[in-house]
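*Asks:* Residues per chain are reported as follows:
Number of protein chains: 6
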Amino acid sequence: MATTPATTDETQSSRVQAVFDDIRRTRGSDFINAFWRHLAFDPALLESTWAEAKRTMVAPSALDPLTKELIYIAVSVANGCSYCVHSHTAAARAKGMTEAQHADLLAVIGLAGKTNHLATALQVPVDPVFDISPDTLRP
Amino acid sequence: MATTPATTDETQSSRVQAVFDDIRRTRGSDFINAFWRHLAFDPALLESTWAEAKRTMVAPSALDPLTKELIYIAVSVANGCSYCVHSHTAAARAKGMTEAQHADLLAVIGLAGKTNHLATALQVPVDPVFDISPDTLRP
Amino acid sequence: MATTPATTDETQSSRVQAVFDDIRRTRGSDFINAFWRHLAFDPALLESTWAEAKRTMVAPSALDPLTKELIYIAVSVANGCSYCVHSHTAAARAKGMTEAQHADLLAVIGLAGKTNHLATALQVPVDPVFDISPDTLRP
Amino acid sequence: MATTPATTDETQSSRVQAVFDDIRRTRGSDFINAFWRHLAFDPALLESTWAEAKRTMVAPSALDPLTKELIYIAVSVANGCSYCVHSHTAAARAKGMTEAQHADLLAVIGLAGKTNHLATALQVPVDPVFDISPDTLRP
Amino acid sequence: MATTPATTDETQSSRVQAVFDDIRRTRGSDFINAFWRHLAFDPALLESTWAEAKRTMVAPSALDPLTKELIYIAVSVANGCSYCVHSHTAAARAKGMTEAQHADLLAVIGLAGKTNHLATALQVPVDPVFDISPDTLRP
Amino acid sequence: MATTPATTDETQSSRVQAVFDDIRRTRGSDFINAFWRHLAFDPALLESTWAEAKRTMVAPSALDPLTKELIYIAVSVANGCSYCVHSHTAAARAKGMTEAQHADLLAVIGLAGKTNHLATALQVPVDPVFDISPDTLRP
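So the protein sequences, as listed, match chains A, B, C, D, E and F.
Per the numbering used here: the first sequence = residues 1 to 139.
Per the numbering used here: the second sequence = residues 1 to 139.
Per the numbering used here: the third sequence = residues 1 to 139.
Per the numbering used here: the fourth sequence = residues 1 to 139.
Per the numbering used here: the fifth sequence = residues 1 to 139.
Per the numbering used here: the sixth sequence = residues 1 to 139.
By construction, these hints were calculated from the structure, which means they are not laboratory data.
Some clues are possibly wrong.
As the list makes no split between identical chains, a pair holds if one copy fits it or if it spans any two.
[What the hints assert, rightly or not] Below, simulated SDA-like cross-link-like pairs (lysine to any residue); rule was C-alpha separation at most 25 Å, straight line:
hint, residue 1, residue 2
1, K54, V129
2, K95, A53
3, K95, S14
4, K54, T11
5, K54, W36
6, K54, V126
Using the sequences and the hints, build the whole thing.
*Replies:* Structure, rendered in structure tokens:
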């Protein structure tokens, strides 16, 4: 039960078709997960969101693909996005996340969740030493 | 301005002293950041929280120390914990985070923040393929 | 599966009955959605919450009814309230939200979700120009 | 620096004056904290919010006043509301919260923050035994 | 549908068995709820989390057991953790929470949720009077 | 105090210069607010984020510019993004938001914040009537 209908292969327009084709080609799989099918109710939003996801998560960058999935899961957990936790945990597994890494991920997320709450409850003032002087960082 | 007073080197009890000593020894630095000084109003909470932080973030584990800091930052951003974002961004830099990795981290966090909101707005149903069968995972 | 039982037409007290009658009269519909049925376990909380909802969302005010529903959805998405996203998306449709407006709403929510995360990750200081001088605003 | 100007004793209208008078009378103090002064830019919102706060937090009810403040702090911490954490921690102290109770409060908030994150990361299914049968609860 | 398999009595290791035994002994019940069964995919995380939960929620402390459950529920609601809301509402009932106390809890949570949003929307500056001088608090 | 240095007109690269020029041209103002100056530490992230903001908030679409700002504020408040609340409240004023509309916005945000918490505390099941049949919506 969603707030927009899922776009099926039968109902999609050519703009949606082009994005679905690119998702399949990029992932080397015929499967299109429900997020993209429901987002497809608006072809422009589908196009721009997929382009950003592909650029950020798939294209080579300073962080490796698995690390990026772990960061994605961390944000999704803190935001309480059930769908995103499921889909990106599956993606992390597909990219090689071991059970020990999954356990480590959860330990860090749990600790951060706890200390975030403690720091907010304490209203800890930021230490001046954490400041970034433009001179030291961008000489 | 915090909700508990900061414990200084002069006011601390021997239980707090022992934790501060261990923080200094573990980090190889004399500096104790404000989070621990304000948490020290309760020695038991200070002890257990530091023990968990040391075990999770410092002890060798399946994920490397920098990756764990990036995950910590991701959770802290999503939870809106200003102090934690500052302290762990500084910690990630100290552990070697480059400017390119910082930019990559922010790109992933921004994308996840966006798609978390979209998936929640769409109320996307979880794809059955994401299900974990106990048989396949724990044979 | 909820944490309080749903109050049915058979089990409701006269205080609950009066609120249900007013909901039906106000909306011109016999249907009482589950939020009110579960909240009815406490008649006082039901009364005050419905009174506030009616005053804020139904009574004429500076913003039109559809705009108020869009704002409601935006808050509910950011707070991750699944039920609220469903019920207020349905309410927005009933008040005339078009598919193009729905797409626009999601684009803004997605962008805000992303830039909220980026601004928090960057810990951007507030520009002094955003300040409100009492002299300029309340002469 | 706020998004609305603070209403001072000089600028307030008679509607605002009446609420400020009631706040002073109810609390037995001349001090009006900034929340009410900034909310006063809209007298109707000030009136209804104060009425709800007085009814919920001040009037005798099933939970004692200090317990209600602790619950208020817990919500405010999880929502990251800095102002609210400060004002309600001060209110809890004024109502007798001891340092040991404060420490206990933080330990529970920290644990809940942690296990909330873990349960979401695990996507734990709700145990059927937690279900509430209307028959057992409202006979 | 979870992201880790549930550990059953048949598949558990001796480390997990020891924790499950302690949970059963501590609670005086044979039932192990799903949170612990799914967390058990990592015995170390299970052990440390249960130890913290037992120390914080079960051992005698400055706050009584029911008050601690109410605080736990408040955090879980604000964090949107569905599982936690269910399990700790059941726990609060088991510890004697009355229907009137449940209603009172929800009234406070609802009010705090509302004023948290208002204070953040107003960006209310913290009143200097809320400041804690170390001299007054730790003489 | 931010986690990246602000890019000034003196230190910016030609890629950043091009974005700053476009921001100035689009807004008809010489002022560049701090969000863009701090995001400019990564020219690629600056370019893509500004492009999305311009496309979503400035280009004509199904919702008018002021309504989009109100939605933006609503998300920012619920996410607790202090900078974003300030900058978009100022933007809404610049686009004509009246004091009465501001008060109405806050009343809706406050109500939604409250009922989001209540619906989550109650774990209200979604009414089947809110379901969207693909047949009715996309004939």
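*Asks:* I'd like to know which numbered hints this structure contradicts. Please list them from smallest to largest.
*Replies:* Violated hint (a single one): 3; every other hint is consistent with the structure.
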